[in-house]
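2 protein chains.
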Amino acid sequence: MALIVQKFGGTSVANPEKIKAVADRVMKKAREGNKMVVVLSAMAGETNRFVDLAHQMQQIPDPREFDMLLATGEQVTIALFAMAVKEAGMDAISLLGDQVKIITDSRHTRARIKEIDTDMIKKYHDEGKIVVVAGFQGVTEDDHITTLGRGGSDTTAVALAAALKADVCEIFTDVDGVYTTDPNICKKAKKIDRITYDEMLELASLGAKVLDIRSVSFAKRYKVPLHVRSTFTDTEGTWVVEEDQQMESLPVSGVTYNKNEARITISKVPDTPGTASKIFTPIADAGIVVDVIIQNTRSGELTDMTFTVPLTDYDQAMKIVAKVAKDINAESFSGDKDIAKVSIVGVGMRNHAGIATTMFRVLAEEGINILMISTSEIKVSCVIEEKYTELAVRSLHDAFGLDKDTK
Amino acid sequence: MALIVQKFGGTSVANPEKIKAVADRVMKKAREGNKMVVVLSAMAGETNRFVDLAHQMQQIPDPREFDMLLATGEQVTIALFAMAVKEAGMDAISLLGDQVKIITDSRHTRARIKEIDTDMIKKYHDEGKIVVVAGFQGVTEDDHITTLGRGGSDTTAVALAAALKADVCEIFTDVDGVYTTDPNICKKAKKIDRITYDEMLELASLGAKVLDIRSVSFAKRYKVPLHVRSTFTDTEGTWVVEEDQQMESLPVSGVTYNKNEARITISKVPDTPGTASKIFTPIADAGIVVDVIIQNTRSGELTDMTFTVPLTDYDQAMKIVAKVAKDINAESFSGDKDIAKVSIVGVGMRNHAGIATTMFRVLAEEGINILMISTSEIKVSCVIEEKYTELAVRSLHDAFGLDKDTK
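Listed in order, the protein sequences are those of chains R and Y.
Heads up: the first sequence at position 352 corresponds to 367 in this note's numbering, and the numbers run straight through without jumps.
Heads up: the second sequence at position 108 corresponds to 123 in this note's numbering, and the numbers run straight through without jumps.
Isolated chain R, as found in the complex (with noise of 0.2 Å):
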C-alpha cells in the first residue's frame, strides 16, 4: 500500500467522458489498497475563455480578481471528478487549495507555495476516499485566493507529495515521458526512463515543456520521486530522481534548444569598472531576463558585451540598450533575432573529459558556426544561427550516441 499523488493535466481532462477515464485510472490504484491525491487542473479551453473575458472587463486585469475568476476552472473539473467516482461507487471528496489550506505569499497570478497542511487530506484518507485537489491555486494567510502561475499544478502536486511524503507523484501528461530530444524534429529521440533532477531542471529551463521547472526544483529539495508519463498509455514513463550509480553510462542525457531568444551585441565598449552594471541594470530594471552573456576583451582596453534576452522582450531591451550604449560611449550596438542556442545535458558529462570539445568539433563538421558559448557543471549550450538548429539537433544526437538502448 502506497500513498500516490497524480496529477492531470486540462487536455487529459477536458471534458465529461475523459474526465471518467481518468478516474477509472485513479479508482484501478485504489482498488489495489493505495491512499490516493488526485490533483486536476482546469478543463482544456477553460482558462483561455477566462482570459479573454478578463481583458474584455479590464485592460491589465487587476491580478486578484484575475485569481478569483482563474481559481474557478480547477473548481468545476474536481467536483465532476468526484461525481464520477461516486457513480462508479466509490468514495471521493473534492477540495479547494483554501480548503487544504495550501498557503502561498500573496504574489497573485504568481503565488509561492509556503506551507501545506495535511490534516485534511489525511482524515479523508482515514476515511478511505479518494481525495481531489483543485491544482493551480492556493490561499494567503488573509483568506485571500492566489493562483501559482504556468506550470502551478505540477507544483500543487509536488508540494502535496512533499508535504505527505508520498511514495510517488505522478504526473500525466498527453506524451509519455521526458525525451532525448524533441521527437518532432528528431526521429530518433527516444524516451529516457530515468533522469536527474538536476538534469531535468537544465532541460525544464532549456525549453523542454513536459514539466515546469518551478515543480522539478520542488521536487529535488524535498526528495519527491516523480513519474513523468502518458495519460493514455500503461506504459511506463520518465522517472525523476535523486542521481545513483547506474545513470552515469551515457556522459549526455539529452539535447534540447531554444528558438526565442534574440542576440545584442554591443560593441567597442570602453572596459572600466561599473560598465555591465550600466549596461543591465536599466534592462534588469524593465523585467527583462537576460540570458547567455560573454564577454569579449579586445586589444587597447575596448570590450564588446553580448547576450540574449527573450524575443518577446527584444524590441524593448534594443531601445533601453540603444540610450545606454550613447551614454557609456559605445562604439555601436546591433541586434540579431535568427538565433537559437542548443544544448546538450547529462550529470556524466561531470566525469567525462571533451565532452564540449566534442559539442564543438560536431557542429564544426556541420559547418555550423558558434556564436555564443555557455556552460554549466552539467550542460553545455552553444547559440547558433536558427537555420541550422535541426541540423545540430540531429548531429549531436547522434555523437552522443542518444539513440541507442541503453537499457
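This list has only true hints and no planted wrong ones.
Pairs involving identical chains hold if they fit within one copy or between any two copies, as the list cannot separate such chains.
Listed below are the simulated BS3-like cross-link pairs for lysine-lysine, each with C-alpha atoms no more than 30 Å apart in a straight line:
1. Lys144 - Lys116
2. Lys137 - Lys116
3. Lys138 - Lys116
4. Lys274 - Lys334
5. Lys33 - Lys138
6. Lys224 - Lys235
7. Lys352 - Lys341
8. Lys224 - Lys206
9. Lys144 - Lys129
10. Lys129 - Lys116
11. Lys138 - Lys180
If you are wondering where the hints come from, they were derived from the structure by calculation, not from laboratory data.
With chain R held as given, fit chain Y onto it using these hints.
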C-alpha cells in the same frame, strides 16, 4: 449617506457588456457617497450548463459536489464585476460566501443561513471599496461550500442587508416591480408602489415569481426595506415594507394564480378518527407537499376528502392514493389536472367585510364554478377549472378596482 445592498440576477449580468452597465449603475450610487454591497448571481445560462455537466457525471449528482460546482458561477461574475469597477477607476473587492463567512447549515443545495460575519465587509467599506459578494452560496462551520437553493441570491442580499442593518435592499430584476396581477394575462395590471411583507409572502407563495419567498420572510423578520426594481430603467419599483396606515385604502392588493397544481378527491371515506392521518402521512413521506385540503362530511358518517398537490407530483400521489383508498375502505377516488388556483391578496381585507363574498359573486357572474375554497387572514383562494383562469383574473382585477390609480 446610506448603506445600500443591491442584488442583480443572472439576466442582468449575462455578458461583459451587461456587467459593465450594472457596474456603472452601482458606481453612480457609490459616487453619491453611499456604502455599497453588490450581490450577484451567475451569468444567465451558466447554472444550466453546470447542471448539464453534473448529470453527465452522475445520475443524481452528489449534493456536496454539486454545490462545489454550482458555486463557481457566482465566483466568475463577482471577479469580472470587480474588474469592471477598477477599470472605471473606482475600487472594489469580490468576496465569496466563505470569505464573508456566510455560515449555513449543511443541507447541501438548499442550505439555510445561520449567521453572517460583517467584519470583513465593514473593513472594506472603511477602505472605500465597493464590496461585491457572491450570491447563492455559503459555507458550513467545517468549511464545506453550500448553496441556498432556488432564489438563493435574493436571500443572500436580504440576509446581508439585515446583518449590516442596511438602509435598503434593492432587488434588481427584468421587470420593474410587483404587479397587481400578471401583466401577460391582464393588460390593466399596474405596478404596486408599496406592499407589505405579508402580502408579498402570500403573492410569492401563490405563484408570483418576482421575489423568492425565503428572502421575503427574512426581510420581514429583520424589517429590511426591500425595493424591487428594474435593472434597465431608473424608475422606482415596488417597495416591500412593514404595514402602515396609508396602505389600507384598497382591500385587495393583488390577484394571482397558479396552474401548476392538480386536485385529488377520495369519495365516501368512513369518517373515523385517524382517517386524515392515514391519507396524508404516506403522501408526506413521499416528499409531496399538499396545498389546499377540503373535507366535506356527507350524511351517514361518510366524508369526501379533496386536496391539491403540485402537478409534477400528481402521478406519484395518485399511486399512493390508490393504495390508501383501499386501506381505508373509501368508495372511490379521482383526480383532475385541469385546475387552477386563483387568489386575491391584501392586508386591507382584514378591515373590509365581504371581500370573499365579492370574489365568489364575481366568479359566479362569469359562470365560473368554484371547486375548492381556502382562506387566510389576508387572502382568499378559489380552485376553478383551468380554462377559466384568465377570465377569473381579469374579472377580479376589475372588480376590486386594481386598474385604478391609487397614488
